[in-house]
Amino acid sequence: MCLAIPMELKERDEYEAIVELGGVQRRVSLLLFPEAAVGDHLLIHAGFAIGRVDAEEARLTIEGLERIAAQARPS
Amino acid sequence: MTLPDRILLAHGAGGRKTRELIEELLLPSLSNEFLATLSDAAVMPRFPEGRPALTTDGFVVDPPLFPGGDLGYLSVCGTVNDLSVAGAEPLWLTWSLILEEGLETSLLRTCLEGAVRAAREAGVRIVAGDTKVVPKGKGDRLFITTAGLGVVPPGRDLGDHRVLPGDVILATGPLGDHGATIMASRHGMSGAALRSDCAPLNGLIAALLASGAEVHSLHDPTRGGALVTCHEVCARTGLRMVLDEAQLPVRAEVAALCELLGLAPVAMPCEGRALIWLKESDAPRAIEALRSHPLGRWACAIGRAEAPRKDRSPVAMRTPTGEERPLDLRAGADLPRIC
Amino acid sequence: MISQEPFRDPRLLDSLFQAIRSEAELAGRRFSFMEVCGTHTHAIAEAGLRRRLGPQVRLISGPGCPVCVTPVEYLDRAIALGRLPGVRLATFGDLFRVPSSRGSLETEAAEGLRVEVVYSPRDALTLASAHPEERVVFLAVGFETTAPAIAATLAEADRLNVCNFYIWSGHKVVPPPLRLLASDPGLALDGLLLPGHVSVLTGWGIFEFLATDFGLPSAVAGFTPADILLGVLELVRQRRKGEARVTNLYGRAVRREENADARRLMDRYFAPIDSDWRGMGVIPGSGLALRPEWAERDAGLWPVTVPEPIEPAGCRCGEVLKGAISPPECPLFAAACDPDSPVGACMVSSEGTCAAWYRHERYRGEAAP
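Protein chains in written order, with this note's numbering: chain A, 277 to 351; chain B, 3 to 341; chain C, 32 to 400.
Quick caveat, the hints were computed from the structure, so don't treat them as lab data.
You may find that some hints are simply not true.
To be verified - To be clear about the criterion: a stretch of chain C counts as covered by chain A if any three or more of its residues have a C-beta under 8 angstroms from a C-beta of chain A, and this derived list gives those stretches:
#1 103-110
#2 224-234
Said to hold, decoys possible - From the structure, some residues in chain A lie toward chain C, with a derived Cβ separation under 8 angstroms:
#3 Leu279
#4 Ser305
#5 Leu308
#6 Ala312
#7 Val314
#8 His321
#9 Gly327
#10 Val329
#11 Asp330
#12 Leu336
#13 Leu341
Computed from a predicted model, the values in this text were never measured in an experiment.
C-beta: ideal position from N, C-alpha, C; glycine also.
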């Protein structure tokens, strides 16, 4: 339905930011996510930041995956 | 220098302005004994022993200047590469310009310098040319058409008719750099490491063939990238091509750009890479020869030709888990998508 | 950068498949889930998840590809607008090859239609400010993820005072068709895999009606193979235990609450209208139109003659979109209709159900259910 790719916010001004993924940069609008801060991993859709990717939540999900792996193959 | 900043219709009209353009801009850079006569046709010395190979190509890239090259450089490289992958040693090129009225003379100069540089790198000569100017709005800055003549040395026979099941497919370097660079400039993206791979391949291919490896076929994966090339080889050989995702050489920047625009690196054009089909046991020798050349430093195996199977797609990607993912001709598409 | 690697780790994927199998065995029955979002459809096909899930879990593709659910009338009008003097269309690449009643934007371009493919609606705005002598019409399609981006572009157009930028809105919103599908006895869904990126904007709370009104399990999931399998596992678990709730498994991006800034902008420019979904008909309140106060930006209001729409004969996209049939059950599939010469929209978009099947399932011996 919608491609949105996580990119890191490198610098920002009032309305726009430079975001980066794998050495590729693009200028995006922050109108939909004005609270974005330098260092945030933002989800970018069609040239707009639409939200933030939370590293702690990502870690929790991966932990969940590891728990399932541990249960699936009891050692 | 009497040339104006922009090309005028009169520059293509055949009169004094045409002569100024040729004598002040084109000739000094392109100068060689064949072109210098400015006669209607370049008459060449005796053709070397072997079979003649002839190719022609048109170049219309937007934008005409891009990181790592320009339309002029690309036009000579593209022509040289078409000859080289046919097993020919490129000798002579023609270079024909269609300029749009109002084109910045500096852009023409840059492309001309690019063509001259590529010709020097490839050791070929541009022996004939033509210039036409079309009214503003009837063209897109500049179009370049080339022809290239080369010679296939006696005893050399390369082509898809020689590809066999079990052949290994090599790439001479990372895939998709050119296409990703062009896409980036079109869609407002940038990256210090995003550069076209545009380069003349004849030297690299000479080094490969000199290694003695049993090379069956060569291609330059330009439009549609490795994906389209593999499909074409499938269509001509009746074999299937299976690429190995884990081995596919793709720069991080190219992978990132493709992810952003929803494209597939394997479908991104290259302008300075070759795909090589060769006997499996000769792959290490070929890779070593390629890697000893500056343009082949990252050469590696990317897949193999296999016997056809009814229940499998003609071109497929083997994923790291050993699954096969079909790659159809449109799998990469050429349009950025948001969905 | 937060690593995506674990989400593609074959070891973790294996254990997820194993966990889904044992849950399904415990339940002792088969399950039908719908992945609503086209990006999920694409990812499921690309990773070959459907085959590895086996017969116990059937994944039905839902109406979550904005291009596929857009009726041909939308494109017919778009092309008519593009034929007006001084008009240039700008579109996402997704729409470029979709057939209208006559041709696609691609084939019409060859006939003189002026159309630019852009990555962002902001690029269309840039085009408009660079060509003040033209009228640039952006073909605004997409769900709740995309509509706020269009609204923000309109806000930028106002701020920068670009007067020659217009849109033709074909936006749609996700909950109304889900309500319809959830209550469709013919489909008998066991649960819904909810769209991750729509939820980034809407918050997952908006989907709670699935549990409260229909007793349907649902899970918001991300787009890696592990995310999707986690979602499937959660749906099987809820179903087996007789539970029904919205579980957010995409916590790294989705919260219960909506993105309020995006919502404000969207509400400022758009209002809900009844909207026609390909294959599903008109669904009340399922579309977004520009509010009357922005009429001067609304190319949809321009008087153009739009020919009577012609639905492609024999095309069963509509049933595919509802999940009523799978693509190979359509007589045109892979015969008269393929990605190079698509008849229906589902074969065009890379996340269209038919295109995804054509590309990825055809050689996997995926039988029609």
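Quick rundown of the hints versus the structure:
1. Counting residues of the stretch 103-110 of chain C whose C-beta sits closer than 8 angstroms to any C-beta of chain A gives 0, which falls short of three, so the coverage hint is violated.
2. Requiring three or more residues with a Cβ within less than 8 angstroms of a Cβ of chain A, the coverage given for the stretch 224-234 of chain C holds, as 5 such residues are present.
3. At its closest, the beta carbon of leucine 279 of chain A sits 6 angstroms from a beta carbon of chain C; the interface hint therefore holds under the 8 angstroms criterion.
4. Because the smallest distance between the Cβ of serine 305 of chain A and any Cβ of chain C comes to about 6 angstroms, under 8 angstroms, the interface hint for this residue holds.
5. Because the beta carbon of leucine 308 of chain A sits about 4 angstroms from the nearest beta carbon in chain C, less than 8 angstroms, this interface hint is met.
6. The interface hint given for alanine 312 of chain A is violated, since its Cβ lies 11 angstroms from the closest Cβ of chain C, which is over the 8 angstroms cut-off.
7. Interface hint status for valine 314 of chain A: violated, as the beta-carbon distance to the closest one in chain C is roughly 14 angstroms, over 8 angstroms.
8. For histidine 321 of chain A, the shortest C-beta to C-beta distance to chain C is roughly 6 angstroms, which falls under 8 angstroms, so the interface hint holds.
9. For glycine 327 of chain A, the shortest C-beta to C-beta distance to chain C is roughly 4 angstroms, which falls under 8 angstroms, so the interface hint holds.
10. With 8 angstroms as the threshold, the beta carbon of valine 329 of chain A comes within range of chain C, its nearest partner Cβ sitting at about 5 angstroms, so the hint holds.
11. At about 5 angstroms, the closest approach between the beta carbon of aspartate 330 of chain A and any beta carbon in chain C falls short of 8 angstroms, and the interface hint on this residue holds.
12. For leucine 336 of chain A, the shortest C-beta to C-beta distance to chain C is roughly 7 angstroms, which falls under 8 angstroms, so the interface hint holds.
13. The interface hint given for leucine 341 of chain A is met, as the beta carbon of that residue sits about 5 angstroms from the closest beta carbon of chain C, less than 8 angstroms.
Violated hints for the displayed structure, listed by number in ascending order: 1, 6 and 7.
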